[in-house]
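A.B. asks: Here are the chains, one letter per residue:
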Amino acid sequence: MRVRVLDAGSAIAFLLLITLIYAPAISGLAPGLSVAELGKVLSQDFIRRAFIFSLTQASISAALATAIGGIAAIALTTISSKAASIIRALALLSFMAPPMIVVSGFTALYGRGGILSLAIPPLRALGEGFGGVVAAHVFYNIPLAMNLVYSTLVAVPSELVDAVRIYSGGRLWPVIKRVVIPYASPALIASYALTFIYCFASFAVPLTLGGPAYSTLEVYIYYFYRMLFDYGAAAATATVQLAVLAAATVLFTLAYTRLPPPPIGRRAVAVLPGRRYVKAASVAVLIAVAAYLTLPLMSVIIKSFLEPGNGFTLRGYERVFSPLFDQAIGTSGLRVIGNTLYFAMMTALVALTIGSFLAFTGGAVADALLTTLLAISPLTLAMGLLNIYGGLLPAPVLIIFAHTIAALPLVIKSLRLGFLRVGREIADAARVLGARGLLYFLRIVAPLSRSSYFVAAALAIVVSLGEFGATYLIARPEFYTLGIVIYSFRGVRDWPASYAASTVLLAMSASLLLLLSRRLERWM
Amino acid sequence: MGHEVELANVTKRFGGFTALRNISLRVPASSLTVVLGPSGAGKTTLLRIIAGLERPDEGRVLIDGVDVTDKPPWVRGAVMVFQRPALFPHMTAAENIAFGLEAMGVGRDEAVARVREVADLLRIRHLLSKLPDELSGGEAQRVALARALVLEPRILLLDEPLSNLDLSLREELRAEIRRIQRELKMTMLYVTHDQDEALELADYLAIIYGGELVEWGDTVSVYESPSSVRAARVLGHNILSPDSARKIGISADAAIAVPPHRVVLVDGDKCLVTRVARRRNYGIVEVMCSDTQLRAAVGYDVMDSVEVGDRVGVEVRGYSVLKRP
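Line by line, the protein sequences give chains A and B. If you're matching positions, the first sequence starts at 1 in the numbering used here and goes up one per residue. If you're matching positions, the second sequence starts at 1 in the numbering used here and goes up one per residue.
You may find that some hints are simply not true.
What the hints assert, rightly or not - Here are the computed distance ranges between Cβ atoms for each label pair:
#	chain 1	residue 1	chain 2	residue 2	range
1	A	Arg-450	B	Ala-113	24 to 34 Å
2	A	Thr-372	B	Arg-182	52 to 62 Å
3	B	Glu-110	A	Phe-321	39 to 49 Å
4	A	Thr-257	B	Asp-57	21 to 31 Å
It should be emphasised that the hints constitute simulated quantities derived from the structure, not laboratory data. Glycine included, each C-beta is placed from N, C-alpha and C at the ideal position.
Next up, chain A with everything else stripped away, as it sits in the complex (with noise of 0.2 Å):
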């Protein structure tokens, strides 16, 4: 009977896999598939270039991403676990900031006029073009390759640190070697490997950093399917990174799997030495991507209130605001606002249930899901939504669907955190006692796991608000959220009200992820 009910939990997973992931992908993966497409795609200059962008980028974002994030854990040890944790909320908040404010910000900072390179102006380099997706791409990932490291890091136990210290005389190297590299080389291989799939499937930092001159595969995927309406060509170009990305997957995947387990309010060992120039080093060090990380948020507010040449102004503001129809972006923007909001709340809601769903019942489902969906960019899912469910759903119900697919494996990811600490002794007791399916999960794994799902409530939020390119692809105007405002007024040359908006959007995500932020900490 237990086995008829979880064979029934495993097929509505798999049918949810189906419709929701696995369907959209074929679908919009299907009309590249040809010789004749692949072919036309590849035989394009700019296509090859793109290629040869997004592996070069991705390479190097990735392992400066991975350098300087691993740095950050080892010298994370090293301080007061509050300092730590003030670090990680900060690393946290940069990790999930929607990318539009990220591009906003290194404009802010960086670019043209920018705050930083008026004073400095080689650092305009990080600003735009090849070096401003590289510095952008790296500003995003740094988070994720220190705490994956971090990660593994408090995994290591203290006493073999004493050891090996006690052996050694104390020496740092010996420490390095012995312990430091053999713990934190699958966390690092793992970190490069996911980091590059992010940076390669990138779209909204290369479409408004790069330019023409560096865009990204995923860049032209959208340049295809809505400025040139040629399906078959954004399906090859799509397939062509589906072979880069799923390669990368594997990778990440063979490396992943050899991490311990996720630590749960455990804090690392400080495995360096407590020497005045270690500690010096490190408080450098994490002052250093400390400020890396909050400078460009910072500037975006800054310039929100700057108008160009003219000093203090709420004039953004106002555009933002405003309940009139604003001919930049297509629609009001109070309704932008009105929808972000609502698109948000209803991804937290879909995604939640289904994630709940995939989460509790399949292992292995679950697993699948969550790598397939690294290897298939969002743009290319999008695609393949528009396709199937273009002509049945309304816009809204499609990016409600893309927003609940980016925010899944975040959600699941929380929420099997959470089901975890219900532990094989409750799990048991409840099952002798007669416990089972829906009693089950409603009296005993839902209250035990209620964090997680504040958690995962809060990350699909975010998630849905900072979505960018589906929601492009698929959105009319009437349907715009605050991301793609930002584009628009950037695209006008409105820089306070792009700012405006990149802030509001800022204020939204970041009181989440702050109110949040203790039991995000145990979740990252």
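With chain A's structure known, arrange chain B on it following the hints.
C.D. replies: Here is chain B on its own, set in the frame of chain A:
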């Protein structure tokens, strides 16, 4: 009324490790059977198989003659109490106790009445509104016991339920479990590695060693005259080869087991006292009688009258022949 449990040729493997090997055992209705064995012997696995939390790789589980091997836990009528109370941390004691009734679809009024009844039986009425956090170890284990008993299970499985409690509490709850078993005439299977617990509680004693059932029978005969070497070892008896036995005047064609309490120190000079150790409530005196080492369990008065190096005589007042390995 009690119900009978039977295991027929049960084998359970975890990967390459065989946790239970070809176990056949019939637990009589309304009896309290204790499964005794060292850590890792397979005791808990045995209970989990009866409860339906594990499925045997081979063999069958029968309750009242009905094959339940493929049945899920909740239809077997066998409820398990674990080593740790495993109370649901977000529910009060009363809600914990009522949980199984809720799962069975028992109405609210009846559930409340039954919770009160079982709370009275276990003397925990005053704890009903407390959360697990607010209970002591002993109180929590009583609640866990109540949570199982309220379902009026056909079989109650207890997996070292007292091993995390301190001594006096353990003795108190042990007496309670025995009282309840007699009052309700319930079939209970109780796993422990503690011999005191086993001897006090058991109507029947099953000894498991290395995944095999090596001895089974009523408590007194198993304890006083085991017939397997491994059982005698688990029980801590003296094991003497036929040669060694002969040297203390016992002729047997196989090894024998001599329970330490059947070795009596008497006047004489054939044996040398090699060790004297004080235990709770009794003493251990080890003697060497021409190459044969014997351990005697004696009262404090006897123990205090000898020292290492003294010469004494011994009499063996009971032994069994070990016919099986």
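A.B. asks: For each hint, tell me whether it holds in the structure or not.
C.D. replies: Tested hints:
| no. | hint | result |
| --- | --- | --- |
| 1 | A:Arg-450 <-> B:Ala-113: 24 to 34 Å | 31 Å, holds |
| 2 | A:Thr-372 <-> B:Arg-182: 52 to 62 Å | 60 Å, holds |
| 3 | B:Glu-110 <-> A:Phe-321: 39 to 49 Å | 59 Å, violated |
| 4 | A:Thr-257 <-> B:Asp-57: 21 to 31 Å | 27 Å, holds |
Going down the numbered hints, you'll see the structure goes against just number 3.
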